[in-house]
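Two chains, two separate frames, one set of hints: put the complex together.
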Amino acid sequence: MSRTGRRRVATLTVGLLVPTVLLVVWSAVAAKGWLPDQLLPAPAAVWRALLENAASGDLLSNTLISLQRVGEGFACGALAGLGFGALLGLSRTMRVLLDPCFLLLAQVPPLAWIPLLILVLGIDEGMKVTVIAWASFVPVVLNMAQGIRDVPAPLRELGRVLTFDPWYTLTRIVLPAAVPSIFTGLREGLANAWQTMVAAELFASSEGLGYLIAYGRQLFQLDLVLAMVVVLGVVGLLVNGVLALAEQRLLRWQALAP
Amino acid sequence: MSGITNVQSRGRPAAWQRLPPALRSGVLGVVTPLALLGLWQAACAAHVAPPHILPSPAAVAERFQMELTGGTFWLDLSASLSRMLEGFVLGSVSGLAFGLLLGLSQLGERLCGPVFLAYRQVALFAWVPLLSMWFGGGEAGKVAFVALSSFAPTVVNTWRATRAIPAPLRELAAVLTFGRLDYIRLIALPGALPGIVIGLRSALIYAWLATVGAELFLDIAPGIGGRLNEGRDKFEVDLMLVALAVLAVIGLAFSQLAAFGERRLLRWSPR
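Line order of the protein sequences matches chains L and U.
Just so it is clear: in the first sequence, position 65 is 64 by numbering that gives the first Met the number 0, and no numbers are missing.
Just so it is clear: in the second sequence, position 82 is 81 by numbering that gives the first Met the number 0, and no numbers are missing.
Bear in mind the hints are in silico, worked out from the structure with no lab data behind them.
Beta carbons are placed, not taken as given, at the ideal position from N, Cα and C, and that holds for glycine.
Where chain U lies over chain L, by a calculated footprint (3+ residues, C-beta under 8 angstroms):
1) 11-19
2) 105-112
3) 115-124
4) 195-207
5) 212-222
Residues of chain U placed beyond 10 angstroms of chain L at every Cβ, according to the derived structure:
6) MET65
7) LEU171
8) PHE177
9) GLY178
10) ARG266
Chain U with its partners taken away, still in its complex shape (with noise of 0.2 angstroms):
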């Protein structure tokens, strides 16, 4: 593919050529969210589409100052963090505690091995209506989405784990005739670290998009997806964009959270 490379690279000016290339792609990586506003701009200046459907740029800034400083922005943002944050940690530690059961006990694995699979082929989503029978529809049934959201990635990735634990590390348990609670301080619980860890992250992003659907589908509540439904109702586009911007940016925040924690949790691994 380097052939590829080199055609385009010889078009291009010696100057160009000579900047580090840090700068060359963080020149070029402004180019194109520059390029997208110029056309957003140009298509609301051009009338494209009635100003309440394309809102322009400064408009979408504007409400987004307005949210900022007047509006109930900080309390939404609070309300979708907590309920996340509720359902992760309940939905997180019983998934823990379950895939310890299917990875460590082979009875255990065999008795509910097959239940947990079954349950796993169901959309996540087919459980928003029943858990908001069960929960109802206000705060309970929400963190109780989340926490079903993150119980199943915990669940899988900790019983892979476990079960992948290199038999000498058990025989190592063996011979020094480690109790079972020793056996899951010692061996189990670090050397499956690296898939736990794993299973964590995909459940925080799965509790993310929990917490979003639970706000968009059961009772309006201070969220922001609750305000995703507001600017569908009031048809206003430029709320609408604020919080779908706020989402963008909290996923990305996420993302680099948790590829801190996972730096962080596996330094001393040799992975």
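In isolation and in its complexed conformation, chain L is listed as follows (with noise of 0.2 angstroms):
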């Protein structure tokens, strides 16, 4: 094996010594009854109440829903989100009008609004959406805008010197030049859609990931709770992975750029 290469495996050995030491330490409590089944379950419940749900398909399709609810709100909220960040970041008079509401609005964590929208909207898919859209639509803009101010002047000049109209310098100059800003945004937002998701689920929901966490919370099966903790940290982190693919894809011109 070369150097570098049994290097890797002790660096994968010692991070999975923590993991192994505590899930040891973990098992040995809960065989030994230091704490009740209500605080803390085996890891085998853990994996058995995860096995259950996957089989039943319970699993399966509450993941759908939570990631269907997240897939419409961040679709959503990122859409509105980039074209009120463009008018803000392009039009001095708009921001001057729009900003202070804009941020004022934007201290409010989101999921305060949802006690109020449940009383507008109902406890549906549409209050779940709403808040979630409103979430991820907060940093879109932010950086939306940040990334259209940020373009530096000479590359607006070179516009304006190769006479662009302004829909060309938006869509050749503008745009392309606030990309890593703009990413920057949909990161920020597609996180908090997710989290926003658990939250609203949490609040007032029949189904969903953060659904069944309430409801194993509710029947005092910590089992239910810790296995659906750690879906949703699995597949948050499949999410995010998706994301950044779709980022290396789309900023592979300017690695390639001098």
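Next up, the structure:
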């Protein structure tokens, strides 16, 4: 085995040490019955809860529902956010008119809108998708506007020298230069959408991963709660991975440019 | 883009153009809130929705006045703020220590880094039911959730910032035969301060989010989030709007405070 290969194996072993120790201690504590099952179920029980839910199809259907909510909310919020952010970034007048109101609204934690939205929209999909959309809207707007404002002046001048019309300047110069900032906003927006989905489902829902957690809590089935925490972590990781991949593809030209 | 601005400014009266820019943006800045307020008032006057769904601006102002003078407003505010402060201090101090461990010790990073990264993948609110089982739904559970929410951002930024301390500084410390503590005190902490401050700033935002979340999700107790729930249960939209406005103002105050603290702490740095 090469030296770098050996080093990689060593790093991996060290990295697995703490999780292994934690798992062993956890199993021991559960096996000795030092803590009641309602406070800390055995790792095996969590694994069983995971398998049972996977086998019955509950896991898949609830994951899909949660993902659908995130997808719908994020798509609405991000699209509107790109448009509104471009407006704030391109027009000084619009910025002066709308920025103060927007910033004040953005200070309210997204989930604080849930109780009011429940009264206005009811507790169904509309309410959840609206909160998720708003949660992803805010960072997309902020980063889109900032990204456009930060486009270097020489680049804009280039457009003027080449007598580009405003639309051509926007699509050929401003937007490509703002892509890294736009992606920062999209990534934050997706993370916010994910967080808010869990919060909204905990608050009021009858399906979804957040609902399964709340349900497990009500029945004092902590094994189900922990199993769903693991699922949320894994799905969150996958969703982030997809966005990172998209970003890499879209930013490929930047690495090629001299 | 100046092309667009030019086209717009050409249409404006000359007197408007002669006003100082600060005054112009000040005037424009209040246009939208006033317009929204007018729209709201008009909607109420036209009975677009029944008053219990859409209370008039005057009714909300009256409710606010009532909460300030006769209600439990100050009690709720101080309950929320002290809850948040306790959790923030707990979470950020332990986050700072853990972040330094990850950033300063290679072994510490290799041992605990992967576990921390795995933990970070889980959505924050997924911990609420667990924490409420472990610490109860009362004050301890709420503070624990706020602490957890400010832990991760502090760790990430402290870790990254201490890792990124330039090699020449490390070499300097080696040449001067600094001990571990001296290195932390004289090199690591000042060098990583900009990153740490960013972490604390985002920890503060998360702590506030988590405070409101804990008050919404866990047992009823005095607090601004609790008033939101009360408004929903009693169908009092005016109370909810007052609570939301208070949340917005506090959030604004925190971000101003954090920006001010950042400027003060980093005054010496060339950034």
